[in-house]
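So the sequence lines, in the order shown, correspond to chains V and S. In this note's numbering, each residue carries its 1-based index in the first sequence increased by 19. In this note's numbering, each residue carries its 1-based index in the second sequence increased by 506.
Please keep in mind that the hints were generated in silico from the structure rather than gathered at the bench. One or more of the hints may lead you astray.
[Claimed, not checked] Ranges between beta-carbon positions, derived for each pair:
{"no.": "1", "chain 1": "V", "residue 1": "Arg77", "chain 2": "S", "residue 2": "Asn558", "range": "31 to 41 Å"}
{"no.": "2", "chain 1": "S", "residue 1": "Glu526", "chain 2": "V", "residue 2": "Ala84", "range": "39 to 49 Å"}
{"no.": "3", "chain 1": "S", "residue 1": "Lys521", "chain 2": "V", "residue 2": "Pro26", "range": "30 to 40 Å"}
{"no.": "4", "chain 1": "S", "residue 1": "Gly605", "chain 2": "V", "residue 2": "Pro40", "range": "25 to 35 Å"}
{"no.": "5", "chain 1": "S", "residue 1": "Gly577", "chain 2": "V", "residue 2": "Pro36", "range": "43 to 53 Å"}
{"no.": "6", "chain 1": "S", "residue 1": "Lys521", "chain 2": "V", "residue 2": "Asp86", "range": "42 to 52 Å"}
[As the list claims (entries may be wrong)] For the chain S half of the interface with chain V, some residues (derived, Cβ under 8 Å), not all of them:
{"no.": "7", "residue": "Gly534"}
{"no.": "8", "residue": "Leu549"}
{"no.": "9", "residue": "Phe551"}
{"no.": "10", "residue": "Tyr554"}
{"no.": "11", "residue": "Pro561"}
{"no.": "12", "residue": "Asp562"}
{"no.": "13", "residue": "Gly565"}
{"no.": "14", "residue": "Pro567"}
{"no.": "15", "residue": "Pro604"}
{"no.": "16", "residue": "Gly605"}
{"no.": "17", "residue": "Ala606"}
{"no.": "18", "residue": "Asp607"}
{"no.": "19", "residue": "Gly609"}
{"no.": "20", "residue": "Phe612"}
{"no.": "21", "residue": "Ser614"}
{"no.": "22", "residue": "Gly615"}
These numbers come from a predicted model, not from an experiment. C-beta: ideal position from N, C-alpha, C; glycine also.
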Amino acid sequence: DAKTTQPNSMESNEEEPVHLPCNHSTISGTDYIHWYRQLPSQGPEYVIHGLTSNVNNRMASLAIAEDRKSSTLILHRATLRDAAVYYCILRDNTNAGKSTFGDGTTLTVKP
Amino acid sequence: GAGVSQSPSNKVTEKGKDVELRCDPISGHTALYWYRQSLGQGLEFLIYFQGNSAPDKSGLPSDRFSAERTGGSVSTLTIQRTQQEDSAVYLCASSSGPGADYGYTFGSGTRLTVV
Numbered sequence: 020d021a022k023t024t025q026p027n028s029m030e031s032n033e034e035e036p037v038h039l040p041c042n043h044s045t046i047s048g049t050d051y052i053h054w055y056r057q058l059p060s061q062g063p064e065y066v067i068h069g070l071t072s073n074v075n076n077r078m079a080s081l082a083i084a085e086d087r088k089s090s091t092l093i094l095h096r097a098t099l100r101d102a103a104v105y106y107c108i109l110r111d112n113t114n115a116g117k118s119t120f121g122d123g124t125t126l127t128v129k130p
Numbered sequence: 507g508a509g510v511s512q513s514p515s516n517k518v519t520e521k522g523k524d525v526e527l528r529c530d531p532i533s534g535h536t537a538l539y540w541y542r543q544s545l546g547q548g549l550e551f552l553i554y555f556q557g558n559s560a561p562d563k564s565g566l567p568s569d570r571f572s573a574e575r576t577g578g579s580v581s582t583l584t585i586q587r588t589q590q591e592d593s594a595v596y597l598c599a600s601s602s603g604p605g606a607d608y609g610y611t612f613g614s615g616t617r618l619t620v621v
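Okay, chain S solo, but in the shape it has when bound (with noise of 0.2 Å):
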């Protein structure tokens, strides 16, 4: 596609409850990454995935937080047992190379909210 696409835009969830949040990146583009962003913070990195393989899964806050992609393309992230602090706007980011040298090209996010 043109962009990155993330679905869904919005989600609302009950603590205790799974999400998924999809990512659809640049089609070609070979790094994946998740970062996300409280209430007027800055982005806070999770994951990293060059092709389907996760090289730097350190920013993942706890084992409720968890992440794949297949095919070299598309990626969840999966949130198990949320709770409150879960809330923030999760975004996807993708490149077309693994270094540094290439920009990131990120998506509009899910603005994932607990009650």
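Bound-form chain V, shown alone (with noise of 0.2 Å):
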């Protein structure tokens, strides 16, 4: 499986815009790239998804590289209610089963 690596933790304050990045250097041409955040207690909440083109949707915006082998999730004013673990995940469109899920990034919003 192709797998992501993020950073374990990242900070912002209130209203400003977020970038959270994303590597998948072993992307394969029929993988999707997928964000989903959790908060405690709770499942994966769906955020937004990409195969090549950037993304915009009403929770946040998704830009992917040239190359595919990154890619960025951008919250445009970050909330105290986007404090959650955020995941970058591969979904390969010829094996659309099994996803692997890393170990996210947490993100700290301070007021």
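Two chains, two frames, some hints: make the complex.
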């Protein structure tokens, strides 16, 4: 399975943008890049996903490098409710059952 | 329903007993997944259903673990002869299609404690 690498932790100030990086140097052409976040005692929540082009939705933006070996999740204005563990995963469209979740990035938002 | 529903939310069982964990996916979602998460760890894949069949059950840790899905809807994960290392949060997710261009919707999980 293609693996992803994320920093263990990041800090941000409230109402400032946050850029969460993810490296996936062994990505294959059929892998989609997905982001999820998990608050304590809850299941992960879908944030955004993409294949090659940058994506925007109401929660966040996803910037994908031209060679697809890295991506960045962008929260435009962090709020205290954005404090969570953020997971970047790859999902293979030819074998979409199994995904490998790493340890993610713990985002702390300071008021 | 509006989301993925899992029951029970908490289960404490004695070592050696069997347990059943239930997942009700979002209505119409054809794909269903089971993951487990040990304390402070990332998610570990267990099994994937497309409809009622399981094309990928490679993550089931041992033959004590089994899962089924009926009517393309509800799924049950059964753990026989539970061991302390089975203690974890068991998470179910569903998605509206079979491919990777669909996001997971997760339930809140079942916290299993084996004493």
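Would you list, in rising numerical order, the hints stated earlier that this structure does not obey?
7 and 14
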